[in-house]
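**Q** As a plain string of letters, each chain reads:
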Amino acid sequence: MDARSSAASPRSGHVLHRFANPGQFLRLSGRVLPWLYWPGVLLTAGALIWGVFFAPSDWQQGDTVRIMYVHVPFAWLASAGYFSLAVCSFISLVWRHPLADLAAVELGPVGAAFTAVCLATGSLWGKPTWGAWWVWDARLTSVFVLLLLYLGHIALVRAFDDPTRGYRAGAILALVGVINLPIIKFSVDWWNTLHQPASIGLTGAPTIASSMLWPLLFSAIGFTLLFAAIVVTRTRAAVMERRIRGLLMAKASSASEQEALS
Amino acid sequence: MTHLPFIVAAYVIAIGTPLILATDAVFRARRAQRRLDAIDPRRNRGET
Amino acid sequence: MTRKHKRLVLILACGLGLGSAAALTLTAFSDNLVYFVSPTDLAKSDHTGRQLRLGGLVEQGTVERTSATGSAGVRFKVTDGSADVPVVYKGILPDLFREGQGVIVLGTREPDGVFRASEVLAKHDETYMPKEVADALKKSGRWNPGAGPPPPASTWNEPIKQVTGQPPG
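Residue numbers (the working numbering), protein chains in the order written: chain A, 86 to 347; chain C, 96 to 143; chain G, -15 to 153.
In case anyone wonders, no lab produced these hints; they're calculated from the structure. Fair warning: there could be bad hints in the mix.
To be verified - In silico lysine-lysine, DSBU-like type, Cα no more than 35 Å apart, as pairs:
(1) Lys122/G with Lys336/A
(2) Lys212/A with Lys122/G
(3) Lys28/G with Lys212/A
(4) Lys336/A with Lys61/G
(5) Lys336/A with Lys123/G
(6) Lys28/G with Lys(-12)/G
(7) Lys115/G with Lys336/A
(8) Lys(-12)/G with Lys212/A
(9) Lys336/A with Lys74/G
(10) Lys(-12)/G with Lys270/A
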């Protein structure tokens, strides 16, 4: 039956199936992980040392501008992490992939932590620059909503006795929440906000000195690799934990069967 | 440096959080791997 | 197979509906999502007595410190180029406060047209540049911080070369 359904599925389904095989995933991710951790650690360390000790201070903000090297990567990963969560949820709802479910469950807490760091570092920048720890403008509020969406997802996927129902509910929440991502991105352009618009965009030249842009770019790549490494490690652990549960249950049921027979 | 406490606090949070998450994840994966090896060493060796 | 397709179409349809609903809601509430109003907005309608946030640039040459009765006060005009509003404020100003700086002031407009502020926030723009670059741009006359945004970052290199090209000492 399995063979027939996969024979009828389109090519994209084929590829997906091959990568979603938990055994394949464990083997592949085991090989990829060192390539995420070590470059991630080295790039991040290098970029932050560059940003703190060698990058110039800003003419207005002084050294407070150095908070940018830890704030902007986390802001970007908060959104990118949620986008990944939505992609996993989509795959989980349409193709019912067990691996997408596990990845979504493991993404939630990491994304929430990164969003919280984004808010905390932004607050630490806002106090000396704006003169306020927090304001309810469209950008800050929409990122706060993102944190609430993450927390809601974390709670929802763990709220059911039957994990499958938790996965479905969480996936629907994650997909509904995607609407918040363009709001976060464009809030600074659509409405008057205290938060400044983006300095780097796909269109138009960046409005940031290149001596500050490079450490920011490396820091963003470094933290992204670390984010991916953490999520992949957690998903590996989740796959193995599920297999352990399966084996223990199989053992218990075979033992009880034998007991019943004797 | 101007506003040094703010900068230090931001860096401590930003470096500490991924560090804690990564350490927790690595130990959790190791623990799972050890348990899996103990329960089913044959299948696991075939895969890694 | 057909069930997968059905789920796919269902999710896409839901997404489309939700997206348009959100877009409509955001358009409808657009006024409430605005964090501050500009001096032009303030001039257009009567906001007297209502607490609101006013955003704009501190107009060149209008800042005067008034240290009457002990506490330090300040009086300045907020402009957006086409209209300006006089503001009075008593309290601590943010570090970034200066003439030409973007600010957001929270307060109420008095019947005499003066905006009495209870809080002043500095708005930072999306430009980040080292002090040397800012100085060089100002010195070469290519940028006046009070008059508007600086030239694009790709042209900043020129003054840097001039500055670092000079032998030290």
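**Q** Each of the hints needs a verdict: does it hold here or not?
**A** Okay, the hints, checked on the actual structure:
1. A hinted pair counts as satisfied when its Cα atoms are at most 35 Å apart, and Lys122/G with Lys336/A does not qualify at roughly 78 Å.
2. For the hint linking Lys212/A to Lys122/G, the alpha-carbon distance of about 28 Å falls within 35 Å, and the restraint holds.
3. Between the alpha carbons of Lys28/G and Lys212/A the distance comes to roughly 32 Å, so the proposed pair stays at or under 35 Å and holds.
4. Restraint check: the Cα-Cα separation between Lys336/A and Lys61/G comes to about 79 Å, which exceeds 35 Å; the hinted pair is violated.
5. Note on Lys336/A and Lys123/G: the hinted pairing is violated, with a Cα-Cα distance of about 80 Å set against a maximum of 35 Å.
6. As the CA atoms of Lys28/G and Lys(-12)/G are separated by approximately 55 Å, the hinted pair breaks the 35 Å bound.
7. Restraint check for Lys115/G and Lys336/A: the C-alpha separation of about 69 Å exceeds 35 Å, so the hint is violated.
8. For the hint pairing Lys(-12)/G with Lys212/A, the CA-to-CA distance comes to about 50 Å; that exceeds 35 Å, so the pair is violated.
9. With a C-alpha separation of about 75 Å, the suggested pair Lys336/A and Lys74/G falls outside the 35 Å cut-off, and the hint is violated.
10. For a cut-off of 35 Å, the pair hint linking Lys(-12)/G to Lys270/A stands: about 32 Å separates their Cα positions.
Hints 1, 4, 5, 6, 7, 8 and 9 from the list above are not met by this structure, while the remaining hints are.
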